[in-house]
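Visitor: Chains as they are written, first to last, in numbering that gives the first Met the number 0: chain A, 0 to 449; chain B, 0 to 292.
In short, the hints are calculated from the structure, not lab data.
Predicted model, so just to flag it, every value in this text is computed and none were measured.
C-beta atoms are modelled at their ideal positions from N, C-alpha and C, and glycine is treated no differently.
The reader is advised that the hints may include incorrect statements.
To be verified - With the C-beta cut set under 8 angstroms, the calculated list includes, among others, these residues of chain A facing chain B:
| # | residue |
| --- | --- |
| 1 | 31 |
| 2 | 108 |
| 3 | 110 |
| 4 | 114 |
| 5 | 258 |
| 6 | 265 |
| 7 | 287 |
| 8 | 291 |
| 9 | 405 |
| 10 | 445 |
| 11 | 446 |
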Amino acid sequence: MGKRLLAGLVAVFLLTAGTMLVTPNAAGQAQRVRVEFWHAFRGALGEVLEKTVADFNASQGRYQVNPIFKGSYPETMVAAIAAFRAGRAPHIVQMFEVGTATMMAAKGAIKPVHEMMREAGVSFDPSIYLPAVRGYYSTAEGRMVAMPFNSSTPVLWWNKDAFRRAGLNPDNPPKTWPEVRAAAQRIRAANAAPCGFTTAWPTWVQFENFSAIHDVPFASKANGFEGMDAELQVNSPLHVRHLAMMADMIKEGSFKYGGRDAAGDALFPSGECAIITASSALRARVVREAKFAWAATYLPYYDDAKGAPKNSIIGGAALWVMTAPQRPVEEYRAVAEFFRFISAPQASARWHIDTGYVPITFTGMQVAETAGYYRQNPGTDIGIKSLTRTIPTRNSKGLRLGNLPEIRVIIEEEMEKAFQGQQTAKQALDSAVRRGNAVLRRFQQQYAGQ
Amino acid sequence: MTRRAIFDNKLLPYLLLAPQLAITIAFFFWPAGQAIYQSVIRQDPFGLLTRLVWLENFRNVLGGPFYLQSLRTTLLFSGAVILVAMTAGLLLAVTVDRQARGAGVYTMLLMWPYAVAPAVAASLWLFIFHPAIGILGRNLRAVGIHWDYLLDGRDAMILVILAAAWSRVSYNFIFFLAGLQSIPRSVLEAASIDGADSRRRFWKIVFPLLSPTTFFLLVVNVTYSFFDTFGVIHSLTKGGPGKATETLIYKVYVDGVVNLDLGGSAAQSVILLLAVIALTALQFRYIERRVHY
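Make the full structure from the sequences, and use the hints.
Guide: This is the structure:
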């Protein structure tokens, strides 16, 4: 009885689901090859993304890309994983940069972009992509496995009005960490703002990019690019010194901790904090909300550290191609054509200007430059300048560490305990390395015997 | 004509049970079975490589320093939420019960918070207590109290306890009120005539007669504080700072969904499953005996 009822329920469900899938597209486009694109952009960014996709669909008559919003980055990732396990993975999924190693290790689940482009016979020149962007999503041999999409990099934003009130030169932003500290102290002493300095994305900015800029390893094996047996190295003397300095700044009141991930963002446009280290993609929000004069510059560094400053590394997301049982070649070709479309100079420049993310290609940057965009909007090119400041070294190519989201949280947890005075900077980072390595070993074991 | 309370049809009882059984199997036994299976294997997130590891996941979970810490956090959190939510509910119910006029209005107003979704409730608390943008948070700092739940584990704990308890006060209130109203007036009047003052009447008559309600609410509140407070914690602190507000349920989520450690997360689910079975058995065996119906 129960079985029959269950069977009935299943039948009804399947019928409904089937109808829902068929109805909206049944008319007119039956002959088009359709591919699904799962993404994590809502609001203004989501609109730009959907417009880009609509432009592609309108540009030709053979292929149709359907963008579907799946929630935040981690939610999109989990949704794609669950769909893959059910044999119904989307063709394209937007995946945040920290998921790179996880995706790359899932060899049967993804189709490397270089391979797909070759099989589809679509011309593909990796050298048009910015090296700092390309490197992050390439194998150790330099083959691109994912298509760069939205990339940003951390920069320093400062409030010129607060600088003026504190008697600082508003056109001379702090370049080194000691200068940042001095400026923040000055701002507090003059009460030019309720808070001197804050940071968003604590791990990404203060550890991942900090390591790249100072040309010190975040992890061994070229930050994991050369093997899954990499170990964290964020307890070096320079890292300890930096965390200790930030803890001191908290104690003296010149640094206000804004929380994990993007939580700190809010403190700058509101005028609360006069200096922030945050994503270059914060620009849209600053333009909209800030009621004061502001500008952005490179991330600060320690000028007594050898080799500093180097290029910073990216954050953001890339597009991954996923496999499914019996997926027709024609559908991969559709994806390949879509990738070629978004990498074209015009589309790349449009994306850059509309979203505030860096252009993924040099040609896109040139289009924006020729159109006078950087001249009319000073500071919009600081992200690109920071990413292309030097040629990426082994330490500034990016990170290739499994379960990096978990490692980011571990570092934030230990950092928070150091900020509360529960442990010293050295203890915090030793503990972060120990816990992070356990996470890396678990990841390595999952793929052992592959 | 004889009335018989049994069915002739042998199939009918099964047919009547079928929907409930189907739901139980599909939404309880099947996922629970999956969790048990997942807890003894090690697998990459995509399910490409699977290896049987028996109890290694359990060893990792129980051997790590953070599980015990999370258990302590959970006990502290749940205990405080239950205490605050039930005391406040009872206090409000007693007050409204005494109120002759406008009791209906108070009841309605006090019920409203129950209609607020946990995530929305958490946002409201955030706007009150955020150290930089919250109304009360700023003022606390202005008068010299160092309030910062983003960095201070104790402050964060206080905040999630308040937010979680607040959502639950209404529910407790309405049940306590119903319980109070079902206490016969004659008993109370008799006690008054015997010379018992109001405090004595409460502890000697009202409170014992309320015990079925209290017991019911205790069970429901334990379940709530253990398993339904995810939304509040997720919206307010995400388990931080450090791991100060990471309860067992939140840890299952973090390890499974964020960290993609499916085996470890499944092992924790199985442990929780066993704990719930044990807790329920204990509750009904020992506490229920002391309850007067």
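Visitor: Could you run down the list of hints and mark each one as holding or not?
Guide: Consistency of the hints with the structure:
1. 31: 29 angstroms, violated
2. 108: At 5 angstroms from the nearest chain B Cβ, residue 108(A) passes the 8 angstroms test, so the hint holds.
3. 110: 13 angstroms, violated
4. 114: Violated, about 18 angstroms.
5. 258: 5 angstroms, holds
6. 265: Nearest chain B Cβ about 7 angstroms off; hint holds.
7. 287: 17 angstroms, violated
8. 291: 17 angstroms, violated
9. 405: Holds - the Cβ of residue 405(A) comes within 8 angstroms of chain B, reaching about 4 angstroms at its closest.
10. 445: This hint holds: residue 445(A) lies near chain B, its Cβ roughly 4 angstroms from the closest one there, short of 8 angstroms.
11. 446: 6 angstroms, holds
The structure is inconsistent with the numbered hints 1, 3, 4, 7, 8, although it conforms to all the rest.
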